[in-house]
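Asks: As a plain string of letters, each chain reads:
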Amino acid sequence: DAGVIQSPRHEVTEMGQEVTLRCKPISGHDYLFWYRQTMMRGLELLIYFNNNVPIDDSGMPEDRFSAKMPNASFSTLKIQPSEPRDSAVYFCASSRLAGGKYNEQFFGPGTRLTVL
Amino acid sequence: RKEVEQDPGPFNVPEGATVAFNCTYSNSASQSFFWYRQDCRKEPKLLMSVYSSGNEDGRFTAQLNRASQYISLLIRDSKLSDSATYLCVVNHPFGNEKLTFGTGTRLTIIP
Numbered sequence: 001d002a003g004v005i006q007s008p009r010h011e012v013t014e015m016g017q018e019v020t021l022r023c024k025p026i027s028g029h030d031y032l033f034w035y036r037q038t039m040m041r042g043l044e045l046l047i048y049f050n051n052n053v054p055i056d057d058s059g060m061p062e063d064r065f066s067a068k069m070p071n072a073s074f075s076t077l078k079i080q081p082s083e084p085r086d087s088a089v090y091f092c093a094s095s096r097l098a099g100g101k102y103n104e105q106f107f108g109p110g111t112r113l114t115v116l
Numbered sequence: 117r118k119e120v121e122q123d124p125g126p127f128n129v130p131e132g133a134t135v136a137f138n139c140t141y142s143n144s145a146s147q148s149f150f151w152y153r154q155d156c157r158k159e160p161k162l163l164m165s166v167y168s169s170g171n172e173d174g175r176f177t178a179q180l181n182r183a184s185q186y187i188s189l190l191i192r193d194s195k196l197s198d199s200a201t202y203l204c205v206v207n208h209p210f211g212n213e214k215l216t217f218g219t220g221t222r223l224t225i226i227p
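Residue numbers (this note's numbering), protein chains in the order written: chain P, 1 to 116; chain L, 117 to 227.
Be a bit skeptical, because a hint or two may be false.
[Unchecked claim] Heads up, simulated DSBU-like pairs for lysine-lysine below, C-alpha to C-alpha not over 35 Å straight-line:
id, chain 1, residue 1, chain 2, residue 2
1, L, K214, L, K118
2, L, K214, P, K78
3, L, K161, P, K68
4, L, K118, P, K78
[Stated by the list, open to error] Cβ-Cβ distance ranges computed for the label pairs, FRET-style:
id, chain 1, residue 1, chain 2, residue 2, range
5, L, G125, P, G3, 22 to 30 Å
6, P, V53, L, G132, 15 to 23 Å
7, L, P130, P, V53, 44 to 52 Å
8, P, D57, L, A133, 39 to 47 Å
9, L, N171, P, M15, 44 to 52 Å
10, P, N52, L, N138, 32 to 40 Å
11, P, E83, L, S168, 37 to 45 Å
12, P, E18, L, R192, 31 to 39 Å
13, P, D57, L, Q147, 21 to 29 Å
14, L, D155, P, P8, 19 to 27 Å
15, P, D63, L, G170, 26 to 34 Å
Because the hints were derived from the structure by calculation, they are not lab data. Ideal Cβ positions, reconstructed from N, Cα and C, are used throughout, including at glycine.
Build the full structure now, drawing on both the sequences and the hints.
Replies: What follows is the structure in structure tokens.
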């Protein structure tokens with residue numbers, strides 16, 4: 001069974017360019033999360049979706065960041081325009097609610113973004 | 117105050133030793149608690165959930181003290197493969213799927 005899939009695995013871009021990160025959650029999972037991890041701030045939740053609907057985007061740092069989930073098997077996180085301080089590892093994770101109880105979040109391998 | 121606080125370490129521990137990590141959380145209404153493990157340049161993975169009564173999984177023991185808002189992880193007979201960063205994770209009150217991660221405690225097991 002495939003886990004969470006993210007692409008690209010590495011992205012190097014120049015300041016001002018648009019960056020699009022992609023995620024395919026585990027089939028049957030109804031929650032999808034986007035995180036950012038840096039040495040200084042650790043793992044931060046940016047936004048999460050339930051059944052393709054954004055539930056909480058309070059972690060999105062600025063208007064330069066946007067996320068969409070057009071269907072149950074695909075989500076994107078876009079940064080436009082990118083800045084050097086956006087350099088980080090971006091993780092996508094998915095989980096499912098079963099029996100009213102929280103279940104484990106499964107993380108993708110991450111996208112390592114470097115903005116020059 | 118951070119929502120979840122951990123000692124960042126690093127902890128350098130000889131193989132076979134016992135090591136303990138602690139974590140405190142600020143939201144007294146938190147319902148669920150976890151330890152995740154993250155290997156270098158890899159994604160976090162669930163190590164174990166933490167239950168009020170305390171729970172054990174092989175060499176790993178997790179405990180929760182709600183009164184003190186304190187979570188612990190004990191690793192006995194440590195192995196080289198235990199070298200990783202251990203993340204203390206807390207979720208918000210029921211109905212909220214958000215998780216808050218501590219910044220992690222880095223553990224290195226020395227042969």
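Asks: Hint by hint, say whether it matches the structure.
Replies: The hints, checked one at a time:
no.: 1; hint: L:K214 - L:K118; verdict: 16 Å, holds
no.: 2; hint: L:K214 - P:K78; verdict: 21 Å, holds
no.: 3; hint: L:K161 - P:K68; verdict: 25 Å, holds
no.: 4; hint: L:K118 - P:K78; verdict: 28 Å, holds
no.: 5; hint: L:G125 - P:G3: 22 to 30 Å; verdict: 28 Å, holds
no.: 6; hint: P:V53 - L:G132: 15 to 23 Å; verdict: 50 Å, violated
no.: 7; hint: L:P130 - P:V53: 44 to 52 Å; verdict: 50 Å, holds
no.: 8; hint: P:D57 - L:A133: 39 to 47 Å; verdict: 44 Å, holds
no.: 9; hint: L:N171 - P:M15: 44 to 52 Å; verdict: 48 Å, holds
no.: 10; hint: P:N52 - L:N138: 32 to 40 Å; verdict: 39 Å, holds
no.: 11; hint: P:E83 - L:S168: 37 to 45 Å; verdict: 44 Å, holds
no.: 12; hint: P:E18 - L:R192: 31 to 39 Å; verdict: 50 Å, violated
no.: 13; hint: P:D57 - L:Q147: 21 to 29 Å; verdict: 23 Å, holds
no.: 14; hint: L:D155 - P:P8: 19 to 27 Å; verdict: 21 Å, holds
no.: 15; hint: P:D63 - L:G170: 26 to 34 Å; verdict: 45 Å, violated
Consistency with the previously given hints fails for numbers 6, 12, 15, ordered from lowest to highest.
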